[in-house]
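Visitor: These are the residues of each chain, in order.
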Amino acid sequence: MQNLISSIASRLVIAVPYLWLLIFFLIPFVIVFKISLSEVAMAIPPYTPVFNLSAGWQAFADNFSQFSWDNYIWLLEDPLYYKAYISSVIIAAVSTVLTLIVGYPIAYGMARAPATIRPTLLMLVILPFWTSFLIRVYAWIGILKPEGLLNQFLMWAHVIDTPLNILNTNTAVFIGIVYSYLPFLVLPIYSALEKMDYSLVEAAEDLGCPPILAFWKITFRLSMPGVIAGCFLVFIPAVGEFVIPDLLGGSQTLMIGKTLWNEFFSNRDWPVSSAVAVILLLLLVVPIVLFQRAEARAQESEK
Amino acid sequence: MKSLGSFRRTFAPWNDPAAKPFIAIENVTKKFGDFAAVNDLSLNIYNREFFALLGASGCGKSTLLRMLAGFEEPTAGRILIDGQDMRGIPPYKRPVNMMFQSYALFPHMTVEGNIAFGLKQEGMPKGDIEARVAEMLKLVKLERFAKRKPHQLSGGQRQRVALARCVAKRPKVLLLDEPLGALDKKLREETQFELMDLQMKLGLTFVVVTHDQEEAMTMADRIAVMDKGKVMQVATPAEVYEAPNSKFVADFIGNVNMFEGTAAAVANGKIDIAVAPENLTIRTDAASKSCTVGQPVGFAIRPEKIRVSRKQPADPSINSAHGELYDIAYFGDMTVFHVKLESGRIIKAASLNAVRTVEDPLGYDDMVWVNFDADAGIVLTA
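If you read the sequences in order, they're chains E and S.
Counting in the numbering used here, the first sequence runs from 1 upward without gaps.
Counting in the numbering used here, the second sequence runs from 1001 upward without gaps.
If we strip away everything but chain E, and leave its shape as in the complex, we get (with noise of 0.2 Å):
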């Protein structure tokens, strides 16, 4: 009887999130799926056909026959689309090795911190987290226009005599995805980097390797794990973003989270953004298995 109460209890903790999944992700997919099936329309919804149940079974049934994958065909067809795919992929990339740069240092640095600051460290990293993304986002335009803070105190210390042109351009999509994801990279790391024992390194120069080459066969090689999770972690949602290009990147920006914004709001094309929507869910599947297959790899080699 205990046995019975208690293993119900344990599978009602895990149908709560599933639950939640189900009406919070699942559901709302397949309805964005249906649309993405459906034509665009001059009505509201501006798209048909929409389903109606009172019509009765007869209605319900020529309803599924009007679906049509012409939106998927339409976004092979426009070079618009699949451009601005490859173009979010890259862009994403770009922005994951670049956060990778400045974030591993960050990482090490505060790992190898006297532990008395560590804390006070991790705050500062997540401090950003207090203010509105959005707010922390604007402000780089404020940094980066032609006449912003930086032109103004390159162009004060003699480094160059006219402003240069960083904001919306690539560069400025570039600067503010690595700022904005930055501490989902260095927090991964620092965790890897912490649990690490100092000792295996004084233990690999011991056996004849040179600092550098030690760090690259051991301390690098061991925060794989927290490297691996925290690429992912910019990554993926790199790939979609649209702020940050919107409110820093130019006309030649292209982007999947902006054309979608466009599709949908600018054009009321329900039907093709909801297609673009599923192509890019599609898109990160791959790099979202490739992670949690990362993770449970790590899981396996710390037991």
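What the hints contain is simulated information worked out from the structure, not anything from laboratory work.
From the three backbone atoms N, C-alpha and C, an ideal C-beta is built for every residue, glycine too.
Treat the hints loosely; a few may be bogus.
Here are the simulated EDC-like pairs of lysine to aspartate or glutamate, each with C-alpha atoms no more than 20 Å apart in a straight line [what the hints assert, rightly or not]: (1) E/Lys217 x S/Glu1112; (2) S/Lys1093 x E/Glu202; (3) S/Lys1147 x E/Glu300; (4) S/Lys1305 x S/Glu1239; (5) S/Lys1340 x S/Glu1324; (6) S/Lys1138 x S/Asp1082; (7) S/Lys1149 x E/Glu300; (8) S/Lys1149 x E/Glu147; (9) S/Lys1172 x E/Asp197; (10) S/Lys1305 x S/Asp1373; (11) S/Lys1002 x S/Glu1324.
Label pairs and their computed distance ranges (CB to CB) [to be verified]: (12) E/Ala296 x S/Pro1095: 31 to 39 Å; (13) E/Ile288 x S/Gly1123: 40 to 48 Å; (14) S/Ala1146 x E/Ser10: 36 to 44 Å; (15) E/Met224 x S/Pro1095: 30 to 38 Å; (16) S/Pro1090 x E/Pro146: 49 to 57 Å; (17) S/His1108 x E/Trp69: 33 to 41 Å; (18) E/Ser10 x S/His1338: 51 to 59 Å; (19) E/Phe25 x S/Gly1123: 39 to 47 Å; (20) E/Leu213 x S/Asn1015: 54 to 62 Å; (21) E/His158 x S/Phe1035: 42 to 50 Å; (22) S/Phe1193 x E/Gln292: 45 to 53 Å; (23) S/Pro1095 x E/Leu213: 17 to 25 Å.
Fit chain S to the given chain E structure using the hints.
Guide: Just chain S now, with coordinates in the frame of chain E:
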């Protein structure tokens, strides 16, 4: 001829004035801020010696070992290994290898990979590496575990991998930081002898850091007893035990009964010590010590050198004191009697249970005489 300890030691280069030390530590000081972890310390360690640095935690023994390995630079003084000054030479260029207390096995590499790591750094050809790794695995009896990862091994196996890994490079000196610290008692005793065999077989110089005196006594040719960054005594285990040079060493190594008194009579190398609380005069035969009448001296005597009897010995040259049998600790191989003198002082006396049966055994609260010979203890002037 009488000598200290229970066996004859044939390897003793430290007694040979012509012998050149293999490791020379000359007036080395290491400061962390204001704190001197190692304070003006000098030591000579000879080739093929099994040398132990023994001390309580924080005595500076690990810092000294880390300076030999090159992880710390001396603040002052210098270290020579095989005649070469080690100042400024980084760990990866030193002819020494260290076995870490935590073993520091690389978790992402197999046993083989761990042992081969140092050899790869040397740029040894692949075939030679394989041969050397196989040889090392055989040496530590881990042939069957070559493909395992460290986390798939037991504590004793990990210890042997760590040993194989640092021996594989054929260093001139092997530094071992608490090599047996993480093993359980039974395994530790077995491994002690394995280490000694290995050291003999390979002809290496071992410097081992330990806080376990039994371990140091068993394995080492010589022991340096350390305290507060200084060496208190460097000697063979028998000398350290039977002829400690100070109260600290006498007290640190093994069990001891310590008396404080003053020299009452000094003649022909014989010293009589007056111990105030018991109004006792201890007659000692300590030819090597010199002191003057009235000088405060200590007297240390090991429990196993003290006998317990019901009657006072008739021979007046035997020291004796009367007391009550207060506590008895039976260990199987030996029994330790705690005798409370009239002054309240507790004297520990150990007797070996060499036979299985005892006629008229002593019991709690019996009035007894503790007694010992004149040459059974040590007079300490420091």
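Visitor: Should the hint that E/Leu213 and S/Asn1015 are 54 to 62 Å apart at their CB atoms be regarded as holding?
Guide: At roughly 44 Å between Cβ atoms, S/Asn1015 and E/Leu213 fall outside 54 to 62 Å, so the hint is violated.
Visitor: With a cut-off of 20 Å on the C-alpha distance, tell me whether S/Lys1002 and S/Glu1324 pass.
Guide: Not satisfied, since the Cα-Cα distance of roughly 35 Å exceeds 20 Å.
Visitor: Is it true that the CA of S/Lys1340 sits at most 20 Å from the CA of S/Glu1324?
Guide: holds, 5 Å
Visitor: CA of S/Lys1147 to CA of E/Glu300, is that 20 Å or under?
Guide: holds, 17 Å
Visitor: For the range 51 to 59 Å, tell me whether the beta carbons of E/Ser10 and S/His1338 fit it or not.
Guide: holds, 58 Å
Visitor: Are S/Pro1095 and E/Leu213 spaced within 17 to 25 Å by their CB atoms?
Guide: Roughly 19 Å apart at Cβ, these two residues keep to the hinted range, so it holds.
Visitor: If you draw a straight line from the CA of S/Lys1172 to the CA of E/Asp197, is it 20 Å or shorter?
Guide: violated, 27 Å
Visitor: Within a Cα-Cα threshold of 20 Å, do E/Lys217 and S/Glu1112 meet the stated pairing?
Guide: holds, 16 Å
Visitor: Is 36 to 44 Å right for how far apart the beta carbons of S/Ala1146 and E/Ser10 are?
Guide: About 42 Å separates the Cβ atoms of S/Ala1146 and E/Ser10, which means 36 to 44 Å holds.
Visitor: Using the beta carbons of E/Ala296 and S/Pro1095, state whether their distance is inside 31 to 39 Å or not.
Guide: Violated - the Cβ-Cβ distance for E/Ala296 and S/Pro1095, about 44 Å, lies outside 31 to 39 Å.
Visitor: Do the beta carbons of E/His158 and S/Phe1035 sit within 42 to 50 Å of each other?
Guide: Distance hint for E/His158, S/Phe1035 holds at roughly 49 Å.
Visitor: Within a Cα-Cα threshold of 20 Å, do S/Lys1093 and E/Glu202 meet the stated pairing?
Guide: Within the cut-off at roughly 13 Å; holds.
When the structure is compared with the earlier hints, violations turn up for hints 6, 8, 9, 11, 12, 17, 19, 20 and for no others.
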